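Full structure from sequences and hints, please.
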Amino acid sequence: ETGVTQTPRHLVMGMTNKKSLKCEQHLGHNAMYWYKQSAKKPLELMFVYNFKEQTENNSVPSRFSPECPNSSHLFLHLHTLQPEDSALYLCASSQVSGETQYFGPGTRLLVL
Amino acid sequence: AQSVTQLGSHVSVSEGALVLLRCNYSSSVPPYLFWYVQYPNQGLQLLLKYTSAATLVKGINGFEAEFKKSETSFHLTKPSAHMRDAAEYFCAVSETGAGNQFYFGTGTSLTVIP
Chain A
1 ETGVTQTPRH LVMGMTNKKS LKCEQHLGHN AMYWYKQSAK KPLELMFVYN FKEQTENNSV
61 PSRFSPECPN SSHLFLHLHT LQPEDSALYL CASSQVSGET QYFGPGTRLL VL
Chain B
1001 AQSVTQLGSH VSVSEGALVL LRCNYSSSVP PYLFWYVQYP NQGLQLLLKY TSAATLVKGI
1061 NGFEAEFKKS ETSFHLTKPS AHMRDAAEYF CAVSETGAGN QFYFGTGTSL TVIP
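Chains A and B, in that order, are what the protein sequence lines are. When the letters of the first sequence are read in order and numbered with my numbering, they come out as residues 1 to 112. When the letters of the second sequence are read in order and numbered with my numbering, they come out as residues 1001 to 1114.
These aren't lab readings, by the way, just hints derived from the structure by calculation. Be a bit skeptical, because a hint or two may be false.
As the list claims (entries may be wrong) - Taking lysine-lysine pairs in the BS3-like style, the calculated list, with each CA pair at most 30 Å apart, reads:
| no. | chain 1 | residue 1 | chain 2 | residue 2 |
| --- | --- | --- | --- | --- |
| 1 | B | Lys-1069 | B | Lys-1049 |
| 2 | A | Lys-18 | A | Lys-52 |
| 3 | B | Lys-1049 | A | Lys-41 |
| 4 | B | Lys-1068 | A | Lys-40 |
| 5 | A | Lys-41 | B | Lys-1058 |
| 6 | B | Lys-1068 | A | Lys-41 |
| 7 | A | Lys-22 | B | Lys-1049 |
| 8 | B | Lys-1049 | A | Lys-40 |
| 9 | A | Lys-41 | A | Lys-18 |
| 10 | A | Lys-36 | A | Lys-22 |
| 11 | A | Lys-36 | B | Lys-1049 |
| 12 | A | Lys-52 | B | Lys-1049 |
| 13 | A | Lys-41 | B | Lys-1069 |
| 14 | A | Lys-36 | B | Lys-1058 |
Unchecked claim - Cβ pair distances, simulated, as ranges:
| no. | chain 1 | residue 1 | chain 2 | residue 2 | range |
| --- | --- | --- | --- | --- | --- |
| 15 | A | Thr-80 | B | Lys-1068 | 46 to 52 Å |
| 16 | A | Ala-39 | B | Gln-1101 | 22 to 28 Å |
| 17 | B | Met-1083 | A | Phe-51 | 41 to 47 Å |
| 18 | B | Glu-1015 | A | Leu-112 | 39 to 45 Å |
| 19 | B | Glu-1064 | A | Lys-40 | 27 to 33 Å |
| 20 | A | Glu-53 | B | Ser-1003 | 22 to 28 Å |
| 21 | A | Asn-70 | B | His-1010 | 38 to 44 Å |
| 22 | A | His-79 | B | Thr-1055 | 44 to 50 Å |
| 23 | A | Glu-53 | B | Gly-1016 | 46 to 52 Å |
| 24 | A | Gly-14 | B | Gly-1062 | 43 to 49 Å |
| 25 | B | His-1010 | A | His-10 | 23 to 29 Å |
| 26 | B | Gly-1062 | A | Ala-39 | 24 to 30 Å |
| 27 | A | Gly-14 | B | Ser-1052 | 48 to 54 Å |
| 28 | A | Gln-54 | B | Glu-1015 | 44 to 50 Å |
Stated by the list, open to error - What the simulated footprint calls covered on chain A by chain B, stretch by stretch (three residues with Cβ under 8 Å from a Cβ of chain B suffice, anywhere in the stretch; the number is not a length):
| no. | region |
| --- | --- |
| 29 | 40-46 |
| 30 | 96-104 |
These numbers were taken from a predicted model, which means no experiment stands behind them. Each residue gets a CB set at the ideal place from its N, CA and C atoms; glycine is no exception.
Below you can see the structure in the form of structure tokens.
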């Protein structure tokens, strides 16, 4: 498989559930990103990892917890989310931070 | 500080007509500039990018953009719109070189009228 993949593509969860989003890049990149895309709002950068180290955390609530075990994999652990967290969550990667980003197809999350 | 402004959150064109999507940026250093397209229920796909080479950049699907430093603009054009071009388009800027953040515009939704 090539490019950036994300699983699951769709997720419905209750506010008390714990779930994880997975992102995998097959491009040999060293930087990975999580974005949140809500309807009628700009793309929001959530987290940035460079060489497995977190370099950006844009005031994201602690109910979102990222994990980057290696340069190819990125997770977003979700716990006690709110309905307003419903959105499309996009993962991206680049050779290094600031270079061209390549996006996955996203996970459409619905919090009930 | 960098920023990107996309004028017009919605643009409608007739099939076969010129597509013009506007993007203006601010950057204190030479920028890298990008256009991405997002089709419904998909991620963002790179259309084209400017990285200080030729000012007129050609991308996929017949799109091109011209970097105009004097106008701080990077407008996206296509001579003849096709129905499949209907999508959301995002302009982005990054400072030259590695280690810097991308800044995305708010997006322009393109509708193509048959």
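Structure-based check of each hint:
1. For the given pair, Lys-1069/B sits about 15 Å from Lys-1049/B by alpha-carbon distance, which is consistent with the 30 Å threshold.
2. For the given pair, Lys-18/A sits about 23 Å from Lys-52/A by alpha-carbon distance, which is consistent with the 30 Å threshold.
3. Among the hinted pairs, Lys-1049/B with Lys-41/A is consistent with the structure: their alpha-carbon atoms are about 24 Å apart, no more than 30 Å.
4. Distance hint between Lys-1068/B and Lys-40/A is fulfilled; the C-alpha atoms sit about 29 Å from each other, no more than 30 Å.
5. The hinted pair formed by Lys-41/A and Lys-1058/B meets the criterion: a straight-line CA distance of about 29 Å does not exceed 30 Å.
6. Restraint check for Lys-1068/B and Lys-41/A: the C-alpha separation of about 28 Å stays at or below 30 Å, so the hint holds.
7. With a C-alpha separation of about 28 Å, the suggested pairing of Lys-22/A with Lys-1049/B holds against the 30 Å cut-off.
8. For the suggested pair Lys-1049/B and Lys-40/A, the alpha carbons sit about 25 Å apart, so the restraint of at most 30 Å is met.
9. Taking the CA atoms of Lys-41/A and Lys-18/A, the gap is about 26 Å. The hint holds against a cut of 30 Å.
10. Note on Lys-36/A and Lys-22/A: the hinted pairing holds, with a Cα-Cα distance of about 14 Å set against a maximum of 30 Å.
11. With a C-alpha separation of about 23 Å, the suggested pairing of Lys-36/A with Lys-1049/B holds against the 30 Å cut-off.
12. Annotation: proposed proximity of Lys-52/A to Lys-1049/B holds, straight-line Cα distance about 26 Å (limit 30 Å).
13. Distance restraint check for Lys-41/A and Lys-1069/B: the Cα-Cα separation of roughly 28 Å lies within the 30 Å cut-off, and the hinted pair is therefore satisfied.
14. Between the alpha carbons of Lys-36/A and Lys-1058/B the distance comes to roughly 29 Å, so the proposed pair stays at or under 30 Å and holds.
15. Distance hint check for Thr-80/A and Lys-1068/B: the Cβ-Cβ separation is about 48 Å, which falls inside the suggested range of 46 to 52 Å.
16. For the pair Ala-39/A and Gln-1101/B, the supplied restraint of 22 to 28 Å holds, since their beta-carbon distance comes to about 24 Å.
17. Taken as a hint, the range 41 to 47 Å holds for the pair Met-1083/B and Phe-51/A, whose Cβ atoms sit roughly 43 Å apart.
18. The given range of 39 to 45 Å is respected by Glu-1015/B and Leu-112/A, whose C-beta atoms sit roughly 40 Å from each other.
19. As the Cβ distance of Glu-1064/B to Lys-40/A is approximately 29 Å, the hint placing it in 27 to 33 Å holds.
20. The hint said 22 to 28 Å for the Cβ distance between Glu-53/A and Ser-1003/B, and at roughly 27 Å that hint holds.
21. Between Asn-70/A and His-1010/B the Cβ separation comes to about 41 Å, which falls inside the hinted range of 38 to 44 Å.
22. Between His-79/A and Thr-1055/B, the C-beta spacing of about 48 Å keeps the proposed range 44 to 50 Å intact.
23. A C-beta distance of roughly 50 Å is found between Glu-53/A and Gly-1016/B, which places it inside the suggested range of 46 to 52 Å.
24. Here the CB-CB span from Gly-14/A to Gly-1062/B is close to 46 Å, well matched to the stated 43 to 49 Å.
25. Checked against the hint of 23 to 29 Å, the C-beta distance between His-1010/B and His-10/A comes to roughly 27 Å, which is consistent with it.
26. Restraint check, Gly-1062/B to Ala-39/A: a C-beta distance of roughly 29 Å satisfies the suggested window 24 to 30 Å.
27. Restraint check, Gly-14/A to Ser-1052/B: a C-beta distance of roughly 49 Å satisfies the suggested window 48 to 54 Å.
28. For Gln-54/A paired with Glu-1015/B, a C-beta distance near 46 Å keeps the hint of 44 to 50 Å intact.
29. For the region 40-46 of chain A, the assignment as covered by chain B holds, since 3 residues bring a beta-carbon within under 8 Å of that chain's beta-carbons and 3 suffice.
30. Beta-carbon proximity to chain B at under 8 Å applies to 9 residues in the region 96-104 of chain A; the threshold of 3 is reached and the given coverage holds.
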